[in-house]
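Below are the chains, spelled out letter by letter.
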Amino acid sequence: MALSLESVRVRFGGVDALAGVSLRIEPGSVVGLIGPNGAGKTTLVNATTGTAPLAAGRVMLGDTRLDGKPPFAIARSGIARTYQNIRLFGALDVEDNVRAGAIRKRDLTSAAMQALLKRVGMQGADLGATASTLAYGDQRRLEIARALAASPTILMLDEPAAGMNPSETQALATLVRAIAADGIGVLLIEHDVGLVRKVCDRVTVLNFGTVLAEGTPDEIAHDPAVIEA
Amino acid sequence: MLFTRYHTLVDQIGINAILALSLSVCLRAGQLALAQAAFMGIAGYVSAIAVVTFGWPLVLAAPVAVAVSTLVGALLALPVERLRGVYLAIATIGFGEIVRIVAYNEPITGGGDGLNGIPPLLSTPWIYGTLLAIGAILYAVRNSRFALAQAITREDEAAAAGVGVDTGRVRIATLACAGAIAGCAGVLYAFTNFFLTPSDFAFGRMEQILVYCVIGGVTSPLGAVLGAAVMSILPEAFRFLQDFRDVLSGVVLLAVIVFAPGGIAAAWSAVRKKPAAQIGNA
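One line per chain: the protein sequences are A and B, in this order.
Mapping of the first sequence onto our numbering: position 174 corresponds to residue 174, and the numbering continues sequentially without gaps.
Mapping of the second sequence onto our numbering: position 223 corresponds to residue 223, and the numbering continues sequentially without gaps.
Because the hints were derived from the structure by calculation, they are not lab data.
Ideal placement from N, C-alpha and C gives every residue a C-beta, glycine not left out.
Be aware that one or more of the hints could be misleading.
[To be verified] Computed footprint of chain B on chain A, listed as stretches where at least three residues anywhere in the stretch have a Cβ under 8 Å from a Cβ of chain B:
| # | segment |
| --- | --- |
| 1 | 26 to 35 |
| 2 | 90 to 96 |
| 3 | 99 to 106 |
Between the sequences and the hints, there should be enough to build the whole structure, so can you do that?
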């Protein structure tokens, strides 16, 4: 199922954080969302996942309207996300963090959990390690594993490469493409333009809460409006 | 002989341990909901009035009383749903005061004079049987999805909602469980103490229950039971200090907060994780 944001408007006080933004994520595709700080990228994810109420517009997952539903209901409909500032369940261990992602399903088997951790590059991780004690990169990976444990239709990654070194970023690029190859639609918010060009099928550029440009990575790279901004 | 001498203390320890488990369930979900004494009072009065005033058999009165305290717990969760931390604590303490004042002023409860003539239908085996049953249930569900939902709601409510957990329902279910467990303590208290007064369920009782959990470890059911046992025995063991024995309890509480902030459970866990060689060298 595709995720569609249609003329979404979010207001904070008297300011339009998003002013009529439209975006579509097809199953199996990776859509990049770039823009300067304060452009409204994270607000767009919050609006989709129900943590920022819409002033206008609508959010559709297939034929199901999501806006107005509480965050837990939106998550249950198949939207998973990671956070710009990592939000693991810090006092819980690795195993419980992954189990939390699959809490709406039957318990994950040990083999399925190991497969998930291997997929995000955490093979051999200590399942009993407290999440808050993990290295920063592992915390990012664990957050992705938790999101994948929910078997989402749409995965929204908010700056997943932040703080990662080049080899970790390369592994992340491979992972994002593999996730999309499984039919999951991915929204990738990222400042690393190289990563965006490498993994995204299409890119949307936000600026001051509006869509500045939209197209393939190459089209965006040569868009005069983007270059000027 | 020894048991006969100390059976009141033994009963107190068991009832206090059940109350500590009730609060521990709330703290596991990150809810500083301090209404356990009120739940206890509600179930105690309901069961006692049903038996003494209306002539119900205890086998009927006890489950009805626990059902009432469970329902009250669930209903209390609704108006306080948006409250967290100290605000939730104050609101639930306020609820406890309302229950106490109603008990003081309603003729059916006996008012300030209390409700007398409650038959001694329960005894120590019932108290410890109930404690064991509650402990066994909590142990059995420790790895359940509900227990995980409670833990992640405590850790980060927004992120918990982000993985599909209806945190509002978790909070309602948690307070209902707390109401049920404290309700069991209320019934046991009523039918082992022969009379009830509103002051049995006042803020002082709630304060003690909180101390049991802090001493034992706020999210550990076993720790809560140990905390209740230690803090119930201490005042009796140091009875010779007379009025100063409460000071000793305060000193123990301060020592735990300063030197073992995770309580008995965390201290024990740290010792168990410490390699044997290190312990030997310590």
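Right, here's what the structure says about each hint:
Given a C-beta distance limit of less than 8 Å, the hint that chain B covers the segment 26 to 35 of chain A is violated, as 0 residues qualify and 3 are needed. Judged by the Cβ-Cβ criterion of 8 Å, the segment 90 to 96 of chain A is covered by chain B as claimed, because 4 of its residues qualify and three suffice. For a cut-off of 8 Å, the count of residues in the segment 99 to 106 of chain A with a CB near a CB of chain B stands at 5, and the three-residue condition holds.
Figure legend: structure checked against the earlier numbered hints; the only hint not met is number 1.
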